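Colleague: Residue numbers (our numbering), protein chains in the order written: chain A, 544 to 927; chain B, 544 to 927; chain C, 420 to 554; chain D, 420 to 554.
I should point out that these hints are in silico values taken from the structure, not numbers from a laboratory. Remember, predicted model here, so these are calculated numbers, not experimental data. One or more of the hints may lead you astray.
Incomplete in silico selection of chain A near chain D, CB under 8 Å [to be verified]:
#1 Trp561
#2 Asp562
#3 Ser564
#4 Leu570
#5 Phe611
#6 Leu612
#7 Gly613
#8 Asp658
Some but not every residue of chain B turned toward chain D, in silico, with C-beta under 7 Å [to be verified]:
#9 Thr665
#10 Ala669
#11 Tyr676
#12 Gly681
#13 Ala689
#14 Arg693
#15 Asp742
Far from chain C, some chain A residues (derived; all Cβ distances over 12 Å) [to be verified]:
#16 Gln584
#17 Gly616
#18 Asp646
#19 Ala731
#20 Ala732
#21 Leu764
#22 Arg776
#23 Arg802
#24 Arg844
#25 Gln846
#26 Gly894
By construction, the Cβ of each residue, glycine as well, lies at the ideal position given by its N, Cα and C atoms.
Okay, here's what each chain looks like letter by letter:
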Amino acid sequence: MRDVAIIGIGQIPVGEHWDTSIRHLALGAAMNALQDANVAQVDAMYVGNMLSGHISGQEHLGAVVADFLGMAGVEALKVEAACASGAAALRVGLMAVASGMSDIVMVVGVEKMTDTSGQDTTAALAMAADAEYEISQGVSFVALNALLMRRYMHEYGWAREDFANFAVNAHANAVHNPHAMFPKAITAAAYNRAAIIADPVGLLDASPVCDGAAAVILAPLDVARSLSPAPVRVRASAIATDPIAMHDRPDPLALHAARLSSQRAYAAADIQAGDVDFFELHDAFTIMSALSLEAAGFAERGQGVRLALDGEIARDGRIPITTLGGLKARGHPVGATGIYQVVEAVLQLRGLAGAAQIPNARLGMTQNIGGSGATIITHILEAL
Amino acid sequence: MRDVAIIGIGQIPVGEHWDTSIRHLALGAAMNALQDANVAQVDAMYVGNMLSGHISGQEHLGAVVADFLGMAGVEALKVEAACASGAAALRVGLMAVASGMSDIVMVVGVEKMTDTSGQDTTAALAMAADAEYEISQGVSFVALNALLMRRYMHEYGWAREDFANFAVNAHANAVHNPHAMFPKAITAAAYNRAAIIADPVGLLDASPVCDGAAAVILAPLDVARSLSPAPVRVRASAIATDPIAMHDRPDPLALHAARLSSQRAYAAADIQAGDVDFFELHDAFTIMSALSLEAAGFAERGQGVRLALDGEIARDGRIPITTLGGLKARGHPVGATGIYQVVEAVLQLRGLAGAAQIPNARLGMTQNIGGSGATIITHILEAL
Amino acid sequence: MTEKIALDWRLRGQRYRLEGEECPHCGYAIFPPRDICPECHQPAKEPFQLSGRGEVYSYSELRHAPTGFEEYAPYTVALIKLEEGPMVTAQLTDIVPERVEIGMPVEMVTRRLRAQGDEGTLVYGYKFRPRLALA
Amino acid sequence: MTEKIALDWRLRGQRYRLEGEECPHCGYAIFPPRDICPECHQPAKEPFQLSGRGEVYSYSELRHAPTGFEEYAPYTVALIKLEEGPMVTAQLTDIVPERVEIGMPVEMVTRRLRAQGDEGTLVYGYKFRPRLALA
Ligand SMILES: [Zn+2]
Ligand SMILES: [Zn+2]
Chain A
544 MRDVAIIGIG QIPVGEHWDT SIRHLALGAA MNALQDANVA QVDAMYVGNM
594 LSGHISGQEH LGAVVADFLG MAGVEALKVE AACASGAAAL RVGLMAVASG
644 MSDIVMVVGV EKMTDTSGQD TTAALAMAAD AEYEISQGVS FVALNALLMR
694 RYMHEYGWAR EDFANFAVNA HANAVHNPHA MFPKAITAAA YNRAAIIADP
744 VGLLDASPVC DGAAAVILAP LDVARSLSPA PVRVRASAIA TDPIAMHDRP
794 DPLALHAARL SSQRAYAAAD IQAGDVDFFE LHDAFTIMSA LSLEAAGFAE
844 RGQGVRLALD GEIARDGRIP ITTLGGLKAR GHPVGATGIY QVVEAVLQLR
894 GLAGAAQIPN ARLGMTQNIG GSGATIITHI LEAL
Chain B
544 MRDVAIIGIG QIPVGEHWDT SIRHLALGAA MNALQDANVA QVDAMYVGNM
594 LSGHISGQEH LGAVVADFLG MAGVEALKVE AACASGAAAL RVGLMAVASG
644 MSDIVMVVGV EKMTDTSGQD TTAALAMAAD AEYEISQGVS FVALNALLMR
694 RYMHEYGWAR EDFANFAVNA HANAVHNPHA MFPKAITAAA YNRAAIIADP
744 VGLLDASPVC DGAAAVILAP LDVARSLSPA PVRVRASAIA TDPIAMHDRP
794 DPLALHAARL SSQRAYAAAD IQAGDVDFFE LHDAFTIMSA LSLEAAGFAE
844 RGQGVRLALD GEIARDGRIP ITTLGGLKAR GHPVGATGIY QVVEAVLQLR
894 GLAGAAQIPN ARLGMTQNIG GSGATIITHI LEAL
Chain C
420 MTEKIALDWR LRGQRYRLEG EECPHCGYAI FPPRDICPEC HQPAKEPFQL
470 SGRGEVYSYS ELRHAPTGFE EYAPYTVALI KLEEGPMVTA QLTDIVPERV
520 EIGMPVEMVT RRLRAQGDEG TLVYGYKFRP RLALA
Chain D
420 MTEKIALDWR LRGQRYRLEG EECPHCGYAI FPPRDICPEC HQPAKEPFQL
470 SGRGEVYSYS ELRHAPTGFE EYAPYTVALI KLEEGPMVTA QLTDIVPERV
520 EIGMPVEMVT RRLRAQGDEG TLVYGYKFRP RLALA
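Just chain A, same shape as in the assembly (with noise of 0.2 Å):
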C-alpha cells in the first residue's frame, strides 16, 4: 500500500450563493486545488455530496464536474455518507492512490442548500436518518440532536448553558477566517438567549444551511515532495458505522461510530488521542461536540462540555477544536463540510493558518459525522 500525501487545497467561500449553480461551486474549490498543487490534469476525481439530487435535480454529479473542469474523459464517481459525504470521497481517493489505480487525485466536496426552501431543507436532509423509523414520525435533524442533548444533561447533570462555550469557540476562531460564513465573535449571553429551535437546542448550538465546496489534491507520498513545496501526509483514514437509527443503538450517547472510527485512526497511525495537536471535530450541534471529544479520547463519558467549560479547546487549550470556525461558524454545507476540515488542518500544518494558527501544529485530526452518528470517519494529518 503506498503511502498518501495531499498536495494542494482549495475553497470558497462559505454562505448563501444565490447567483452559482452546484457545478459551478465545485468548479471555485477544483481550480484553487490545481493552482495551489500546481497541477493541470489530475488522474481521477471523486466527488462528496449527499443532496444534489433532491436539491439541484442532479445526479450523476462526477460526471458534471468532471465536464465542467474541462476534464471530461478522467474517472469520475460521487460518493455519498450523508453529512460525511466529503470524507468519504476522501477515503476513496486515498484507496485509488493507495492502490496504484491511480497518481494524481482530486477530491472535491460540495453542497448546494440554498435553491430550496427551509422545510424542504430540512426535509432533504433527515434522509440521513432512518427514512422509514425516524423521518415518518415527523423527526427534524435538529429533534434528533435535541433527543441527544436531552439526554445527555440529565445523565450527566449539565445546563444548556454550559454548552455555550463550543459555539463561543468556534465564532471566535472563524473571526480569522475569510472563508467563514460568520466570521463573527457571539457572547455567551447571545448564546443564552438564542431562540429555542427543538428543545434544549437553540439557535446558537446549531451549524447554518449553507453552500459551499472545497478541494484536495492527493499524490503518493515518495512523488509529494518533489510536486509541493509543504505536502502533508495522510497518516490515517478510518471509518466505522452505527445503526442508521439513534434508537437502534444500544447506547445513543455512547456515539460508537466515533470511538470505533478514532481509535483505527490512532492503531493506525501508531499514536495516542494525546499526540494529536488539534481536533477538527463535526460541530454540526454542540452536544456533537461533547460527544465526539469523549468518544475520541479526550474526555470521559458525560465530561466533554468540561473541556469546553475550562477553555481546553481554545487556540492555547488542551486539545484545539474548530480552529478556523467549525461548522457552527465556517458553515457546514453538509457534503463539502469533510473537505473544508482537511483543508482547515492542512493550513494549520502548513503553518497558515494566520491569527488562528496552533503553534507547532504538527499531528491534525479531522472527524466527519454522517446522520446522527451512523458513519463516522476520521483522518489524521501530519506535517512532514
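Given chain A's structure and the hints, the job is docking chains B, C and D with the ligands onto it.
Modeller: Showing chains B, C and D with the ligands alone in chain A's frame:
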C-alpha cells in the same frame, strides 16, 4: 497493487417488488452472496445506487445496508454514477482490496424504482442527464436515446426494424434466467408492432423500470483459491467520462467514453477485443447496444446493427451479448444493473449458466453506462 | 420525500400494531423487523407482538417541522424505551407538554401521522401517550 | 426535481438570449457558459452572443412526458447544431411534425417551457422554430 478475485455472487429476481423496501432488496442479494462465498463477515461494503433519495426518501444507504445486514460497525459507503452506479461501486471495492485497506469486501447494487408513479420515475431517471440544459427542456431519458437512434438511422441508412434482433436475442436468452423479469421469447414481428414511445424508440427498444439487487464478494486473488472452489479473477477495471450533456459531445454517436473505457480495459488486461468470449453490454436501449459494439471494437462505425442482423450476437455467434437477458429482458434496476452484469458473467465463467451457457467461456467483459454515455465502466473477468 | 402508498402498505404491521420479531437463537426482541438479529446476527423471522408499553428515554418539542408535518407543529417527539427492550422514535400525544419528563411511562396508540400528496391520503401510525399510574 | 426560482434567475441570460462565451485563447464558441474552454482548457469568460440560427441534428416526438411537462405532451425535442458550433437540446415549436427533418434550418424563439410549483410560476426559455428558406 494486489490482484482481486470474485469469490461469491448473489442476486434476487428482477421485478416489481411491491412488498419489499429498498433495504430488504439489498439484504436479499447480500445474504445470497455471503452464502455463496461462505463468509460470515466482510471488512467493507460499497453500495451502488442512484435513486434511493428521490424514490425512497433515504440517503446514507451504505450505513442502512450495513445496519440491516447485522454488520453495523463495518465500513460502508454509497457510490453513485447514475445508471453506472453498480459498476462504480465495484470499482471502489476493487480499490479497497487492491490497496490492501480491506481484504474481504462486499459490493451491492440495488435500486427500488416502483414506489413512485411512472412519470415521477421518468423524471428521476432524467437526473442522470444535464439538469440545467437537458432536463429543463422537457427531454426524457427515452427521448435522448431516440435522438441518438434517429441520427444513427439517418447517417448509416438503417431502418427501425433492423434493431429488432437486439430485443429478440435478449428475450431468447432471458428464458433461461430464473432471475429475469421477462423470461419470455419475443418475435421480430412483435418488436415491429410495439407502440412507439419517443419516435423512433418503441416499447421493445427500451429496458423496463423495475426493482432489483445483486451483490458480489471480493478477496485478494492470492487467498481466493483457498476461500472459493471457483474464484473469478478481475483482469481489468476501467472507467471513462464524456460531457454530461449529449449535445456537448463533438460526435454523440461515437460513444467516446465507451471507446476509451474499453481500450483502457483491454490494455490493463493485455488482450484484444477479439479475445473476449462474451460481452454483457448496457442495452438500456437497442441503439446503445449498436453503439457499444462499435465503441468496444466489435464492429465498424455504423455497423453495430449488422451484428444483430447477422445473428453474431447470439450464444453461438461471434460476440454473444446479453447472455442472460441483458437490461432489456433481465431488467434494468439502474444502480443494480452493473452488478447483475457481473454476477451473470461469473455464472458464465463458472460454467453454471445452464441452457444459456457460452461454451468454453474463459474471458467475459461487462460494460455499465451512466446517463446517455457520460460515465462508462468496463470490467474484464477471467475464469481461473 | 413523500411517503408512498406501497411503502405505507408494507409497513402497516409495524406502524399500526408494533409488530416485531423475536430471535429464535438468542431471544432478543427486534423492532422494527429486520429478519436478521442485530444481537447474534442469525436469521430471525419469528413474528413477535410488542406490548406497546415503555417509558420516555428523551424528548423534544419541535417548533420547525419538516415538509409534510408543518400543520402539526409544534409537536413533541421522543425516544421510547419499550418494555421488551427495543427503543423507538415516535411522537407523544395527549400530553401536557410541561409535564413530560424522562422516565415517564407511556403506551402506544394509533393516530394520524400526516396527510400525504395532492390527494391528501391520510397516513396513520403509532404515537405514545402517558400511561395511567396504575397501569 | 422542481426547478427553483434562484436557478431560473441564474440562467436567464442563457435561457432567454442564448448568451454564451468565446474562448480568448482559441476562439471556440462556448454554450452554455462554462468559464473553462472545453477545447483548449484555458479560462474563457468573454461573453458571446449566439445568433440563434442552426439546423436540426436529430429530433424525436415525445409522447410520455416527465413530471412537470405532462400538459405539453406530445411535443418534439431536438438537438440543434448552432451556426457558431455548439449544439443544444431544445423543443421545436411552430412546426408541422411530419415536415420536421434532419438538416432543417431553425431559429431561436423565447417560449414558455413549463409552469412550476404550486403557484404555477411560468418558466420561459429557448425553443427553435423552422427558419424561412430565404433567411
Ligand atoms: Zn439473536
Ligand atoms: Zn479555447
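Colleague: So, for every hint listed, does it hold in this structure?
Modeller: Evaluated hints:
1. Trp561: 5 Å, holds
2. Asp562: 6 Å, holds
3. Ser564: 6 Å, holds
4. Leu570: This interface hint holds because 7 Å falls under the 8 Å limit.
5. Phe611: With Cβ-Cβ at 6 Å, under 8 Å, it holds.
6. Leu612: This hint holds: A:Leu612 lies near chain D, its Cβ roughly 6 Å from the closest one there, short of 8 Å.
7. Gly613: With a closest approach of 4 Å, the A:Gly613 hint holds.
8. Asp658: For A:Asp658, the interface hint holds, since the closest Cβ of chain D sits about 4 Å away, which is under 8 Å.
9. Thr665: 5 Å, holds
10. Ala669: 6 Å, holds
11. Tyr676: Interface hint status for B:Tyr676: holds (6 Å vs cutoff 7 Å).
12. Gly681: 4 Å, holds
13. Ala689: 4 Å, holds
14. Arg693: 5 Å, holds
15. Asp742: With a minimum Cβ separation of about 5 Å from chain D (threshold 7 Å), the hint on B:Asp742 holds.
16. Gln584: 39 Å, holds
17. Gly616: Given a closest Cβ separation of 35 Å, the condition holds.
18. Asp646: It holds; A:Asp646 is separated from chain C by about 40 Å at its closest Cβ, greater than 12 Å.
19. Ala731: 23 Å, holds
20. Ala732: 22 Å, holds
21. Leu764: 38 Å, holds
22. Arg776: 37 Å, holds
23. Arg802: Nearest chain C Cβ is 18 Å from A:Arg802, so the label holds.
24. Arg844: 17 Å, holds
25. Gln846: About 19 Å separates A:Gln846 from the closest Cβ of chain C, which puts it past 12 Å; holds.
26. Gly894: 42 Å, holds
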